[in-house]
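Engineer: The primary structure of each chain is shown beneath.
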Amino acid sequence: MSTPIYQLKRVDFIFKDEKDWKEILKNSINRPAHELINELISSELKGRGGAGFPTGLKWKLAAEVDDPIKYVICNADEGEPGTFKDREILSKVPLKVLTSMAVCGHVIGSKEGYIYLRGEYFFLQPELNKSIGEFKDYCNEINFDFTIKIFMGSGAYICGEETALFESMEGKRGEPRNKPPFPSTFGYLGKPTVINNVETLAHCYTIFEYGSKRFYDLGVQYSRGSKLFSVSGDTPKPGIYELELGMSLVDFVDEFGDGDTKAVQVGGASGFLVPRKGFRETTIGFQGKLTGISLPTGGSMMLFNSSRSMYNVLDNYLEFFREESCGQCTPCRVGCQQLLNGIKAVKRGEKNAQYLNKLMRLTETMQYTAKCGLGQSVANSFSAIVENFREEMIY
Amino acid sequence: MYPVTELIKNLADQHGRERRNLLPILQGVVEQEKYLSEYSMIEIARELDLPASEVYGTATFYSFLEYKKMGKYIIRICKTITCSMKGKNQIIKTIEDMLKINVGETTPDGNFSLLQTNCLGFCHKAPAMLINYEVYIDLTPEKVREILTGYINKKEKEE
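Those sequence lines, one after another, are chains A and B.
In this text, residue positions in the first sequence follow my numbering: the first is 1, and each later residue adds one.
In this text, residue positions in the second sequence follow my numbering: the first is 1, and each later residue adds one.
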């Protein structure tokens with residue numbers, strides 16, 4: 001299709017064996033906190049759940065708060081459509097995640113960690129508890145005081161939002177809080193909390209094992225390191241792949257497409273839809289000053305070929321959002337309903353095509369006024385689909 | 001199997017009686033009873049000294065905490081985009097025909113409930129479904145018939 005300017009580079013860090021975890025834990029907790037924080041900061045690791053907050057800074061902020069009780073939480077509420085990497089990490093290399101949680105405990109001064117595991121992954125519990133037991137035994141052996149427990153979710157996408165997750169752990173409806181205050185000062189039970197995605201913690205392990213440079217040398221400016229991608233949809237090889245950040249979408253499609261790729265959804269339903277004409281100019285990574293169009297992703301990459309109707313895709317997303325909206329703020333609760341009703345009405349011919357423009361303005365309003373990322377991000381895929389596949393929306 | 005009042009007491013003893021222990025207690029009741037009856041919710045509220053409305057409000061927020069009577073086996077078919085693209089409707093049709101119920105219903109013998117759910121995280125092995133906490137992937141109508149027959153036979157053996 002094209003001469004690749006930038007080849008996809010396979011990386012193998014995350015699923016590399018975890019046999020040295022005891023040594024890495026012991027070495028790390030013998031290093032001073034500021035040294036570990038600097039290691040993470042110089043690696044330029046950014047949160048792998050999708051939002052991309054610098055991990056080192058997150059730990060630093062929580063470490064600076066003076067409070068005898070702090071928490072470390074691993075966000076394993078992997079619910080974004082098209083994402084399935086965290087489960088794989090927790091089943092294949094759980095001790096990496098546990099080790100990094102404990103090191104975080106050492107850095108910020110916390111003795112308690114939780115893994116918030118989505119209800120759909122209930123079946124992971126027995127094995128994960130075994131690993132937690134093994135981990136606990138070693139912590140006792142070296143006299144290191146850190147306890148990890150699993151907290152089960154019960155089927156709510158929004159609980160992946162960090163403050164909704166705290167609410168859920170506190171026994172309430174999973175409704176996002178206002179920010180600020182941020183988790184580093186006011187998290188679970190109002191205490192300073194570090195909350196990291198499963199994959200982020202697995203990368204921390206790599207950094208503790210090999211040093212920040214090995215990690216920093218991967219990827220491109222603003223988007224350092226590797227990332228797990230969950231590839232699904234119309235592709236001959238669906239699955240989980242660890243790749244360097246900064247790849248161009250056209251190379252990705254060359255590698256994973258079926259030769260007929262019409263669009264790629266980057267970052268799940270709440271992410272960005274890129275139509276074929278945009279493949280060349282789009283790269284995968286975090287937005288920086290010089291990066292052009294760079295799209296972040298929690299790892300979800302869904303490919304659609306020309307047999308798919310983008311109307312059906314959007315209809316499916318909107319139904320998802322309508323059901324998963326927590327309902328506390330009006331723009332999101334009513335907005336998601338109206339968008340879904342609206343595109344159905346246009347499709348049935350009850351509303352004319354101009355009505356789509358009205359709906360676009362509604363998504364803009366939601367972008368500005370919704371309380372959390374759910375309502376704000378509906379605009380992303382909505383506008384991309386309506387603008388690029390307008391005829392499919394109408395006929 | 002404990003009577004539900006006793007179960008709730010045991011769960012509260014095990015997890016604690018603070019607000020933050022509410023979810024594990026609700027989950028424990030659902031694990032045994034398959035759903036939260038009004039009676040269970042009021043009992044939980046009493047045990048934790050919370051307004052019953054708070055317990056109800058929390059319980060009904062979560063899609064896995066059912067508050068209508070459910071069958072012994074709850075079948076949840078993933079309906080999100082990839083599973084939808086890869087034929088989840090055929091899977092649903094197959095199950096509906098086999099069990100003679102529609103989505104949202106429970107078989108008259110109380111054995112199976114059929115529901116749809118949002119992304120299960122098996123998009124690379126779509127379509128996927130859960131039966132209680134067991135995951136089944138790469139489904140085809142044939143495969144689903146086989147799986148359900150297994151459950152039906154298991155059920156008959158137990159009886």
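Just so you know, the hints here were simulated from the structure itself, not pulled from any lab data.
Backbone N, C-alpha and C fix where the C-beta goes; we use that ideal spot for every residue, glycine too.
There could be a bad hint or two in this list.
[To be verified] No farther apart than 27 angstroms at their CA atoms in a straight line, the calculated lysine-lysine pairs in the DSS-like style are these:
(1) A:Lys172 <-> B:Lys125
(2) B:Lys125 <-> A:Lys262
(3) A:Lys149 <-> B:Lys154
[To be verified] One-sided excerpt, in silico: chain A residues whose CB lies under 7 angstroms from chain B:
(4) Pro68
(5) Gly119
(6) Gly171
Engineer: Taking the hints in turn, state whether each one holds.
Structural biologist: Verification of the supplied hints:
1. A:Lys172 <-> B:Lys125: violated (33 angstroms)
2. B:Lys125 <-> A:Lys262: Cα-Cα ~21 angstroms, so holds.
3. A:Lys149 <-> B:Lys154: The hint is violated at about 34 angstroms.
4. Pro68: Since chain B brings no Cβ nearer than about 18 angstroms to Pro68 (chain A), farther than 7 angstroms, the hint is violated.
5. Gly119: holds (4 angstroms)
6. Gly171: Holds, about 3 angstroms.
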